[in-house]
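2 protein chains.
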Amino acid sequence: MAESAFAKSVQDIQNFAGTGLSILEVSHRGKQFEAVMAETENLVRELLGVSSNYDVLFLQGGASTQFFQIPLNFLSSKAAYTDTGTWANRAIKEAQGYGVVDILASSKDSNYTFIPKEYSVPSDADYFHCTSNNTIYGTQIKQFPNSSVPLICDMSSDIFSKPVDVSKFSLIYAGAQKNMGPAGVTLVIIHKDMYGRKADRHIPTMMDYKIHADNGSMYNTPPVFPILVSKYNLEWVKEIGGLNAMQKRNTEKADTLYNAIDNSPYFRGTTAKDDRSQMNVTFVFEKEYEALAEKFDAACKEAQLSGLKGHRSVGGYRASLYNALPLESVQALVNVMETFA
Amino acid sequence: MAESAFAKSVQDIQNFAGTGLSILEVSHRGKQFEAVMAETENLVRELLGVSSNYDVLFLQGGASTQFFQIPLNFLSSKAAYTDTGTWANRAIKEAQGYGVVDILASSKDSNYTFIPKEYSVPSDADYFHCTSNNTIYGTQIKQFPNSSVPLICDMSSDIFSKPVDVSKFSLIYAGAQKNMGPAGVTLVIIHKDMYGRKADRHIPTMMDYKIHADNGSMYNTPPVFPILVSKYNLEWVKEIGGLNAMQKRNTEKADTLYNAIDNSPYFRGTTAKDDRSQMNVTFVFEKEYEALAEKFDAACKEAQLSGLKGHRSVGGYRASLYNALPLESVQALVNVMETFA
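Protein chains in written order, with this note's numbering: chain X, 117 to 457; chain C, 117 to 457.
Bear in mind the hints are in silico, worked out from the structure with no lab data behind them. A virtual CB, placed ideally from N, CA and C, is assigned to each residue, including glycine. Hints may contain errors.
A few chain X positions that, by computed beta-carbon distances, are all more than 12 angstroms from chain C [unchecked claim]: (1) T229; (2) K233; (3) P279; (4) E351; (5) F401; (6) A415; (7) V446.
Here are some, though not all, of the chain X residues that point toward chain C, as calculated from beta-carbon distances under 8 angstroms [unchecked claim]: (8) F122; (9) G134; (10) S138; (11) T321; (12) D324; (13) P339.
Whole structure, please, built from the sequences with the hints as guidance.
Have a look at this one:
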């Protein structure tokens, strides 16, 4: 997240919007916080180009709650999913609790090193679900598939990193904690048509998207502070030029690192080039140089580069290049890779 | 919440636990935040005297999510509830989605001005649910009923305001935002016996209490910052002497205000004296003095006393005396009441 978001948040803990009270103690029903909710929604709409056909909701429970809330609401008989990694898998498992899940394609057999593209979405599915970016494996959908049924996407780890054509989707969701704000708030962008597609089963009030929409995400007490910080962070995204500028920034960061990997005799990327994630860059030592890992790790540590250990299911290294990470940090890593060579 | 909690939170936004990073951006899997989780749990256990037979969970979604998560998990055939106000009502409504709800007693016909006591809990109920404090109506359970079936209580608005004999309960839950911390985290204290009482229906992973217990409330990303602030607030509760000291403080505050109401010819309390809440004091003008309301409101405003408007279903005034409110603020209100007289 942006430094400016931290500074503004600190200010509001000390004195929120001139109330003399802390944002941590004010009522969410006060006009000052209602203004924060409205401004945050407007920023989401403006940055992503969300039309009035959609509601923008700020919920709780993370993407993990959406994994079941979506099939609970919309899976009547059969839903279609692609299996592109750990999070897609969790979504599939939760959907199987409510009906038939048609797994259209999976890259599991190759340890999720690519995004499957050779499939078609059945027209009798209640919806089609995909995961835009796979944090553990370092793959990312570059072109969303065509779907005659409602397209639903988990964008937790790459939302606000680049422009998205929201009009292609019926529902987009994202846990905030990568590019939007701090942990504790979940963004849901839902097409109003979806309210008419509810499955015929009991849906608790808190799991009903329309209840939250009708109440401006204040049916119950919202996660006040995480929403406030998200607002400040999205203001920063807007200040630097919006999602086109953000994409340019992120492309430059990712290209810098992937080029260094491709030009190094020591390292190789773990994923198909076409499917490389701009958010999570995964790479390993070439087999013959694996013995050098210890030295490289020490060099990274000396350069104060941390959090580079790859997930145990992939091994090697993973550099996460979320919005807030500056190009300089990527260059510092590239320098270590080159000096090391 | 305590001022000290705000100050410590600000510090951690700038530099969390010496990491050089903000608490708003660190991984919840880091050892520094794992320590925060452990310390917060320990404070809950120490302050409330929670034995190792119970798990202490930090979840999301507020009490409103517990309203359905409890019957989803534990309502097999019939559950018993008492109807003591708006929140109890919402809990009942959500339970009715899963089975038969036996409403043992209700004070609805008297606009919830008292806590019903003349009932017995049926031994064939799956559990018995009550609400310890009713924020809108200003009533509070002073002695919890005996129950041969698991006793479940919504303590959202009076937890940490006084000691509680946790061993009487099978499950206690509370949205944090009254006395525990900022909005965005829900406390659940659950007896481990409850895991064997699961209803025979599909329960999504995120709605399974044991999943959260087995993962130390980190099955998915927890609401990091609200948990941190809760820790600091509970440290303050401990510093001032724990829940016995807090009860003394809260009793003094409530007595001061109730005495002023009882001794005034102009005002009367709206609830049965035995059931008066120490958290929310509701009072109205005596009928013959109602015309004075405008003058009183102006006097309150002049004394910078705000947030005193009663809920529309009760009318009149409501003073909320949560833990953080100092006695001086109560005295300021009493002064206005007396000067006005």
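Could you check the structure against the hints above and give me the numbers of any it violates, in ascending order? Hints 9 and 12 not satisfied by this model.
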